[in-house]
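With chain A held as given, fit chain B onto it using these hints.
Here's the letter readout for the chains.
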Amino acid sequence: MVLFAVIYPLIITVVAQFSPNRGKGEIILTRGKVVGYKTIGQSFTDNKYFWSRPSAVGYNATTSGGSNKGPANAEYLTTLQARIDTFMVHNPSIPESQITAEMVTASGSGLDPDISPESAKIQIKRIADARNIPEDKILSLVESQIKKPVLGLFGPETINVLELNIRLDELK
Amino acid sequence: MNTEILGILAMFVATLIVAVPLGKYIARVYAGEKTFLDPLCNPVEKFVFRICSIDATLEMNWKKHLTTLLGINFIWFLLSMFILLNQGWLPLNPDNNPSMSPDLAFNTAISFIVNCNLQHYSGETGVSYLTQLTCLMYLHFVSAATGMAACAIVFNALSRRQTQKLGNFYNYFLKSCTRILLPLSFLVSVILSFNGIPMTFNGKDTVTTLEGNSVQISRGPAAAFVAIKHLGTNGGGFFGANSTHPFENPSYFTNMVEMISQMIIPFAFIFALGYYLKRRKLAWTNFGVMTAGFLCLVIPTIFSEINGSPTIQHLGIAQPTGSMEGKETRFGTVASAYWSIATTVISTGSVNSMHDSSMPLSGAMQLLSMMINAFYGGCGVGILNYFIFIVLAVFISGLMVGRTPEFLGKKIEAREVKIAAVIAIFHPFLILVGAALSSYLTAKDAQMGWWFNGNATGWLNNSGYHGFSEMLYEYTSASANNGSGFEGLVDNNPFWNITTGIILLLSRYLPIIGPVAIAGLLAGKKYIPESAGTLKTDTSTFAIMTFAVIAIIAALSFFPALALGPLAEYFTLSK
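Protein sequence lines correspond, in order, to chains A and B.
For what it's worth, the numbering used here labels the leading residue of the first sequence as 158, then goes sequentially.
For what it's worth, the numbering used here labels the leading residue of the second sequence as 2, then goes sequentially.
Note that these hints are calculated values from the structure, not bench results.
Hints may contain errors.
List time: in silico DSS-like cross-link candidates among lysine-lysine, alpha-carbon distance up to 25 Å [stated by the list, open to error]:
| hint | chain 1 | residue 1 | chain 2 | residue 2 |
| --- | --- | --- | --- | --- |
| 1 | A | LYS195 | B | LYS412 |
| 2 | A | LYS190 | B | LYS205 |
| 3 | A | LYS205 | A | LYS195 |
| 4 | B | LYS166 | B | LYS412 |
| 5 | A | LYS190 | A | LYS278 |
| 6 | B | LYS279 | B | LYS419 |
Here are the computed distance ranges between Cβ atoms for each label pair [stated by the list, open to error]:
| hint | chain 1 | residue 1 | chain 2 | residue 2 | range |
| --- | --- | --- | --- | --- | --- |
| 7 | B | THR312 | A | ARG324 | 57 to 63 Å |
| 8 | A | LYS282 | B | PHE560 | 50 to 56 Å |
| 9 | A | ASP326 | B | SER575 | 44 to 50 Å |
| 10 | A | HIS247 | B | PRO184 | 21 to 27 Å |
| 11 | B | ALA444 | A | GLU232 | 18 to 24 Å |
Non-contacting residues of chain A with respect to chain B, defined by C-beta distances greater than 12 Å in every case (computed) [as the list claims (entries may be wrong)]:
| hint | residue |
| --- | --- |
| 12 | LYS226 |
| 13 | SER250 |
| 14 | SER297 |
Small disclaimer: the values here were computed from a predicted structure and weren't measured.
Glycine included, every Cβ here is placed at the ideal spot set by N, Cα and C.
Next comes chain A alone, as it looks inside the complex (with noise of 0.2 Å):
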């Protein structure tokens, strides 16, 4: 037990303040400032940022879960409806069959850092209005922080929802 209990963790914690912050999570600041976790999804309401995904915790990283709600339930589809409703007021250049359904569902952790390419660029036209900055600067910035796949062979493309808005607001 004092082997598994103690010295297992206790060597993994010796090891883990060689990695990036200490084993501590890694932290992204700006302007000396933490302003959150590299993976811990934020919430963003305002129209000029990039918006995560709905949250069934509220991106209260004290708890994490989904909403667990079955595909059927009607419940659950009258939330969905309310969503995208809310959507497209927000941006009404983007006909509702563009919307991506990743905008409108809970992730499982209700934390989730990331969006699809496909997700960003549809809130594109938004946030150029908000900002007063052209399209086509925002889009090439989206561009440039889409998450390659692993290796450039496994796995999705992504896009940190926080990173991106912080270069978002560096941009001039």
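Chain B in isolation, oriented as in the chain A frame:
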């Protein structure tokens, strides 16, 4: 989408490439041969045996093995009950989480001892760091090693000789820990901690977000925990959301590492059997049957998730990445679907997407994986479950060709077949009795009194067919010692804690006792050399036979239950 398919292929192939040499290594460990870790492990093991005053060279028969196994498991139970009930005032509790209620502690303790890890609490608020490390993580190691040691006994019993002496339980057990689980855990947790999984004893952190809100973030010594949770096919997460949580699984790369680490030991044991008994063809035949079964389950799941939800399609929006409710963007639908089947066939029960929000057909496949519970299977116990089906297949084939059934040169007689049949029927019995009881209470909307705060329908998060699936899933997961859940179910209350706790106990120990007893009985019999008339168990004909036995038992036992839950939901949705 193509990179996503490539991703899962890479995971499967990498697992296989690591597992074959690992299997050879495991066989050497149990056979007591020299391995490269000897200089490091020998002194440690000697020291442990000396302070516990155990004579590790004493050979035991199968009955002695089983009593030792059960005895040591009972000691762990008492120890974990103490920690869980008192964690509130014990040290290493920076977030001041309270002690557990007795029924929750009962469920949690049993669930971790039996390698199931149903978690009716949430890691951030339900346990302290002391509990995570000294109780839960410790049990991650020893419960996996218990299964592996039981499997080693069966290996020993099946080698060709006539004996009652089947090695020493403590020896197998400690070697499983020090020579297999611990070195691998070191390796995996270092990789994980360098890829963003925290390993810190600090409590919650508070940050101000870009939009100016203040949020708190739970942390903890997770890297060490997550490594053994997968290697030992335990699956109990450090955080409530398990491996969907960005601190338990921060990227696609860590997802691959965790996926591979949860499948290597089950894969390796299949090959270890081959090396140990010097019957490598038998190992590949078994692997073939299991892989065929695995593919039958995983392919429909991937398709149903890629296609997305029919109800969302109805709302008129696009689903370029498939069904995303309960899934994480960084893993995508394909890797989530693959994980959901892998975790249910091998009894890990960790999740990287919320199974409750899976498509109905995927839900049916996840349930079926746990109901069959013999494709790859958990650490050690996977082989034991599969062994039961082999015994049945040998017996049935023997009857078909009209000769005495034999397996590895030992006659299989009435007593062994009786044990195998009871074990095979017991698993569906536990699941269906549990599901029937809870459905009866739900249908009546019974007043539950002390057992549950409110009426019985209050524990469901979804109504109708899906609600039935939630209850069926919980009991299936308990009986398969899996530990994943349709997490919408409100399960932290005396009714669910106690009923699943009892099922956990029965469904863990009987499937260990049964195969060890059969193997012990076989070991005592005379060895009959192979002849032209021997039924060969490493041929494709016999492989198909075993597959058919598994499929028939599963279909007969579970088809009605599946039809009432996920299949009914599937057909109503696809109308």
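Tell me the hint numbers this structure goes against, listed in increasing order.
1, 5, 6, 7, 10 and 12
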